[in-house]
Each structure stands twice: as C-alpha cells, then as structure tokens.
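Going line by line, the protein sequences match chains A and B.
Going by this note's numbering, the first residue of the first sequence is number 1, and it counts up by one from there.
Going by this note's numbering, the first residue of the second sequence is number 1001, and it counts up by one from there.
What the hints contain is simulated information worked out from the structure, not anything from laboratory work.
Incorrect hints may have been included.
SDA-like mimics (lysine to any residue), calculated; alpha carbons at most 25 Å apart, straight line [said to hold, decoys possible]:
1) A:Lys182 with A:Arg193
2) B:Lys1182 with A:Ser294
3) A:Lys182 with B:Ser1310
4) B:Lys1182 with B:Gly1295
5) A:Lys182 with A:Arg254
6) A:Lys182 with A:His264
7) B:Lys1182 with A:Glu305
8) B:Lys1182 with A:Gly295
9) B:Lys1182 with A:Pro3
10) A:Lys182 with B:Val1306
11) B:Lys1182 with A:Pro278
12) A:Lys182 with B:Val1261
13) A:Lys182 with B:Arg1317
14) A:Lys182 with A:Gly166
15) B:Lys1182 with A:Asp293
16) B:Lys1182 with A:Gly279
17) A:Lys182 with A:Ala263
18) A:Lys182 with A:Gly197
19) A:Lys182 with B:Glu1305
20) A:Lys182 with B:Lys1182
21) A:Lys182 with B:Asp1293
22) A:Lys182 with B:Met1309
23) B:Lys1182 with A:Ala11
24) A:Lys182 with B:Leu1307
25) B:Lys1182 with A:Met309
26) B:Lys1182 with A:Leu307
27) A:Lys182 with B:Gly1279
28) A:Lys182 with B:Thr1304
29) B:Lys1182 with B:Val1261
30) A:Lys182 with B:Gln1318
31) B:Lys1182 with A:Val306
32) A:Lys182 with B:Val1277
33) B:Lys1182 with A:Asp311
The model shown is predicted, which means the values in this text are computed figures rather than measured ones.
Take a look at the letters that make up each chain.
Protein chains: 2
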Amino acid sequence: MPPRPPAEIGAPLAEIETPALVIDLDLFERNLATMAEAVASSSVRLRPHAKAHKCPEIALRQMAMGAVGVCCQKVDEAEVFAAAGIPDILLTNEVVDPRKLRRLAALSQTARIGLCVDGPEQVARLATALEGMSARLDVLVEIDVGQGRCGLPVGPQLVDLARAIGAVPGLTFAGLQAYHGKAQHLRDPQARRAAIGHAVERARIAKSMLEGAGIPCPLVTGAGTGTFALELTSGLYTELQPGSYALMDADYARNAFDGPVFAHALTLHATVISTAVPGQAVLDVGYKGAAVDSGPPVPVSPSTEVLGMSDEHTLLRQPEGRPLAVGDRVILLPGHVDPTVNLHDWFVGVREGRVEALWPISARGAGL
Amino acid sequence: MPPRPPAEIGAPLAEIETPALVIDLDLFERNLATMAEAVASSSVRLRPHAKAHKCPEIALRQMAMGAVGVCCQKVDEAEVFAAAGIPDILLTNEVVDPRKLRRLAALSQTARIGLCVDGPEQVARLATALEGMSARLDVLVEIDVGQGRCGLPVGPQLVDLARAIGAVPGLTFAGLQAYHGKAQHLRDPQARRAAIGHAVERARIAKSMLEGAGIPCPLVTGAGTGTFALELTSGLYTELQPGSYALMDADYARNAFDGPVFAHALTLHATVISTAVPGQAVLDVGYKGAAVDSGPPVPVSPSTEVLGMSDEHTLLRQPEGRPLAVGDRVILLPGHVDPTVNLHDWFVGVREGRVEALWPISARGAGL
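Generate coordinates for the entire structure from the input sequences, incorporating the hints supplied.
Structure (structure tokens):
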C-alpha cells in the first residue's frame, strides 16, 4: 500500500494536503472521450501508454472506453497492470536482463505480453532466458523513424531479425514499433506533419521489405499525444500509443494543435509557506514533487512567474495587486506529466469542488 | 514495504538489476568517519540532513557515529525517522497546514521535534492548531543569511517573533535557523568563505539582538556539505546540518574543496539496452531514475558523454576504441543526490564486489 493519501473522499479542495496531484474528473473524462471518438471511426486500435499515469484506475477507464490494452516501459510496470486485470500489455522498449525476461515470460501466462528488440543480441538473450519456460511473447522490431534513440535503421537486416525472432520457440514476430518521440513536441503542426510523414514512409518501407520476404507484419504501432491524428490517418499504423492526452501538461500546452485538443486535467496543488523575503512567495514543493526536465511547473492560479526552484521549494514572484499570503493555495500545471506523476503516490480526483476519488499511482517507481 | 529490491544479499555486482542506486560501503563509512572526526574536536553538534538519503538505516549509522539527531524537510519524513527510533528531529522548514502541525505535535510525544517559522502568521497557525493538544515543540526562527528563499531579514522584528513563539503554550523558542544553501555550490572555496562570512555576520547580529532583548538563543544551526567547515569554526553555529557528505554527487564533484573531502560513495548502475543507432549506446534509465536539475548523471565507467535523456533512456556517446554492447553495465555519478535518491526505493550496499546490504529508502516520496 502507498502512504496515506493527501485527502479524504468528500473533502473540499482547500482540505487537500499539499503538494498533491489533482485530477479534474470532468476534464479527464472528456479527454478519454475525445480520444475514443477520434479513433472510433477507424480500424486503428488505441493502446494508451501507461507510463504517463502509472495508475491502474486510469488504465481500467481507458479500457472501458475501448482501449485494447496498455503500453508500459518497464517489467515492474507490466506486473502492476497485469495484476490489476489489464489483459494485453506491450512493453515499447528493449529488455535485456535475463531475470526481467523470465519475469515477462511468467507474466505471459496471465496476460498477452509483447516487447521490442532492435538487434540480434536481444533475440539471443530472449532465447537463452526462455529456455525451459513455456512463454508466449509477441516480439516487435523497433525501427528508427527519426527519434534516433532505440530502433534499427530501416534496411534488409530487419528481415533477418524478424526471421530470428520467429525461430525462437515461444516468440512470435508481431510487427513494427515505429515511434517518433521527438515529433511529439515540435510546436508547429506543419513540422509535426513533416516528421510523421517521414516516419510513415520509413515504416512503410520496412513493412514492404518484410512482406516481400514473405513475413507478415500485422502490427505497426507508435504515435503520441502530439501526433496521433497523423498516424491514425496514415493508412499504415494499426495501433496508437498516446499517453499524455488523459492528463496533459505545460509542455504540451506549448504545442499548437490543429486536430483534437485535450484539456489540462492534471494540476499540482501547493501551499505558500513563506513570504518573509520581500517580493516573493515560497511554495511547499520543489524538485521532489515537480519534474523540471521540460521546465518548471507553471503557476496558473494565481498566474505568476517561477523565480527559482530547489529540492523542496518553488519561489514565485508575488502577483501584482494581490500578494500571496502564508497558507494560500497555488495551482500549477506540471512541466512534464510522466516524470512528475512518478514523484507522487496518489491522484486526488475532484469534481464540483469536492474530492470524489483517490487513485493510487501503483506503478510509481516500478523502474526495474 | 517497498517493492522488491534490485538484488539479493551476497550477489556479485553483475547480478544487481538496473537501474539501481549502489553504495560503496567502505567509502560511505569513510565519509561518516571523516565528518565525525571533523566535528569531534569542537563542541558543535552534528545533525545530518536526512532529506539527502531518506533512509533510516543511514540515519541510525550517523547517530552511532555521534550525530545528535537528524534534520528533515517534511512531516511525512519526520514520522518515518521517528518510527525508526531517531529521538531528535528538526524540520528545517516552515510548516503551515493545521493537519501537519497537529501530526508534528502528536510526534512530539515520542521524539524531540523542532520546526522553523519566519513570520507571525506561522506562529498564529501553530497556536490555533495546537489548541487542546499537549505538544512540546522547539521553534526556530529562520533568518535569511543570503539564500533569499525562506527566512526573515535580520532586524528587530525577530525579537517580536521570538517573544510571540514563547507566548504560545507548548512552544519553546530554541534559536536560529541560518542556512545558506546557495553557498554550498559556489565552486571556489574563496567564494564560499565570503558567503559564509556574510552569513555568520548576519546570524551574529540576530543572536545579539535577541540576547539584547533578554531572550536566550541556545541554537544557531545551518551549514551543508559545501561549507560546514566554515560554520564549524565560526564560534557561533552550535549545530551543523550537512546531508550530501554521506553519499556525494556529481554536482559536489564540481566544487573545489580546501577542507575535508568526501568520496563518491553513491553510484547509479545502468545497463545498455540498445546500440542499434550507430555511435551511441542507450541505457535503461532516464528522468524517472536520475534527477537532472543539476545536470545529467555523469558516466564514470566507462567514462563517456551523455548525448541526451528522456523519461526512460539515457543516450551515451560510444566510447572510443571499446564500444559498449547490449547488456553491458555502465556506472554513473548521479547529478544531484537528493532528488535522485527520491526516485528509488532501495540502496544496494556493496563491499568487495558483493551485495552486503539492502536498505529501504523508507522516506522516498514522503512529501506531505
């Protein structure tokens, strides 16, 4: 069990202990509906990325709205979501530790499990780790479609890799992981369109190579909140992996969107603990409650400027006219949803000014 | 209980699952001894900051080496360390939520508890929250000695504040919190000496004002790993609050020291999961396992360069001559110890190439 939650069911907003991650349930449900509607008219499946929320309560609601399963990044996460009843989990990542591979194999007895490889070494490790186990794992070949992180460059060697997968008992070559992460945060829709155009072209060539060699490629999967509308209409992608859309963050707020727009359902509530130094107010949250890899959290109520942050504190410029006092609440948009969520143990779900739900972030940490 | 640890007692280094925070126990013990020796010849007390390690096993070892108690930043942390048997805990922070104040008051039945204020509003909140409770809290006035975060500017109003504290049943004015956080990371010892010279001067004036008004000021506390040798010999500070010295990090590695030097006892172990994109190796740890507020973690074995990071990955430039392969281990120095530790549930203690200890980071999170 995670530690004590920061609120009680039925409490008004002012009685949420801070720092706390608060979900506006109306906005959250609207985001889930917006995504469900966007994919409903196509045959493309939605497999939301659970690394963004790490919360089985959210995953189950995504499943209820039509998702076919979830994506995870870590074996620890897959175990949490499988235990919560998610029947179909894709690790959109390479896994190379033999103990982790055996844990995945064991998990494949209770849920459908997939993972990625981008070279023969990972297949060899799978073959060794799975000896003597009755595993049934889907294996995708990750290709580099512009991200430049993991992923095989598209070329004939991916045919060899797909064949190598198929030759290992218990493994099935399932298709292509073709995610362009960098494209998600290009601010201009035109730039995102160009980047995903390139990604689709690379993935199309890869699929053609496989099919030319007589290897079926049922799955082409990728996409994030910034670009999913493009992969959706590509005629090539069969699954989408967006994660942030359910909650959103300040980084995505900097994107211009010409497709479906998602609301900022997630905020970080904090309290002013000091105003002793003139001109500033100090909040009770710092690096340990708000990730800063995409910039500091953005104060929206009241709207003001972050002057600095440290482990335990955020310094705000005192708003003009109506200065913040000790004990006042400040509401911020997290800079980046995924690593901020990973710092907390609970979501506090609110509706009409009251706490309606307390959802444990069960896969918080879960890094192995 | 935290999740499963990343290793088993007795395992060789290569069998630690990654990402993992690994403590070299020889270096860690040497750091504790170095600090104990530094303070042994004086009457200044050591109260290490537990926010840096969040680990009762470490706090108990610091107590065994002569520490008088620990510092914390959060009530949640204080509860964890009190439950582990630490008898004397100072919150070096302002606490303003009435529920948190009542939890502290309850905790004061089993441990000596102190906290900070920097204005009359916090004292008024303490008075209201504690009504009807039999609390016994030490209250320090935090003064701004150059940090510019929390802390009352030094002036006559601190006499009024000390009097206001003394007038509340259950509260005792205990002294001055005079921490200069910014000074810790000034690279040049000369610059740190100047900054702490200023801090000592401010604190001396503050103490004189209080004593001039007939208010005893038994405690002057502050200092961090970067400057503690200066506060130690100031003739004014009575307690020191360093935290990082036990483990250290890459940010402190950038300081030039002319006093005691501490070893890098803490490393982050990671595994190469992909080398598919030419020229780079991808590690199985990103923002969720390594804080980046003070820069990315620094690869020390092998020594190479971080090309980029994302939520779940770190991209390394392939070392010259001997490229990293899938499955290889990489050892990194965390960029900043406190927020990195807060991302993990376990320390893996190693000696002579074997896992000797598994210490839960029990106050991981613990943000309320």
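Hints and how they fare:
no.: 1; hint: A:Lys182 with A:Arg193; result: 12 Å, holds
no.: 2; hint: B:Lys1182 with A:Ser294; result: 23 Å, holds
no.: 3; hint: A:Lys182 with B:Ser1310; result: 10 Å, holds
no.: 4; hint: B:Lys1182 with B:Gly1295; result: 16 Å, holds
no.: 5; hint: A:Lys182 with A:Arg254; result: 14 Å, holds
no.: 6; hint: A:Lys182 with A:His264; result: 21 Å, holds
no.: 7; hint: B:Lys1182 with A:Glu305; result: 20 Å, holds
no.: 8; hint: B:Lys1182 with A:Gly295; result: 20 Å, holds
no.: 9; hint: B:Lys1182 with A:Pro3; result: 32 Å, violated
no.: 10; hint: A:Lys182 with B:Val1306; result: 17 Å, holds
no.: 11; hint: B:Lys1182 with A:Pro278; result: 18 Å, holds
no.: 12; hint: A:Lys182 with B:Val1261; result: 41 Å, violated
no.: 13; hint: A:Lys182 with B:Arg1317; result: 19 Å, holds
no.: 14; hint: A:Lys182 with A:Gly166; result: 31 Å, violated
no.: 15; hint: B:Lys1182 with A:Asp293; result: 21 Å, holds
no.: 16; hint: B:Lys1182 with A:Gly279; result: 19 Å, holds
no.: 17; hint: A:Lys182 with A:Ala263; result: 22 Å, holds
no.: 18; hint: A:Lys182 with A:Gly197; result: 13 Å, holds
no.: 19; hint: A:Lys182 with B:Glu1305; result: 20 Å, holds
no.: 20; hint: A:Lys182 with B:Lys1182; result: 34 Å, violated
no.: 21; hint: A:Lys182 with B:Asp1293; result: 21 Å, holds
no.: 22; hint: A:Lys182 with B:Met1309; result: 12 Å, holds
no.: 23; hint: B:Lys1182 with A:Ala11; result: 39 Å, violated
no.: 24; hint: A:Lys182 with B:Leu1307; result: 14 Å, holds
no.: 25; hint: B:Lys1182 with A:Met309; result: 12 Å, holds
no.: 26; hint: B:Lys1182 with A:Leu307; result: 14 Å, holds
no.: 27; hint: A:Lys182 with B:Gly1279; result: 19 Å, holds
no.: 28; hint: A:Lys182 with B:Thr1304; result: 23 Å, holds
no.: 29; hint: B:Lys1182 with B:Val1261; result: 19 Å, holds
no.: 30; hint: A:Lys182 with B:Gln1318; result: 21 Å, holds
no.: 31; hint: B:Lys1182 with A:Val306; result: 17 Å, holds
no.: 32; hint: A:Lys182 with B:Val1277; result: 15 Å, holds
no.: 33; hint: B:Lys1182 with A:Asp311; result: 12 Å, holds
Hints 9, 12, 14, 20, 23 from the earlier list are contradicted by this structure; the remaining hints agree with it.
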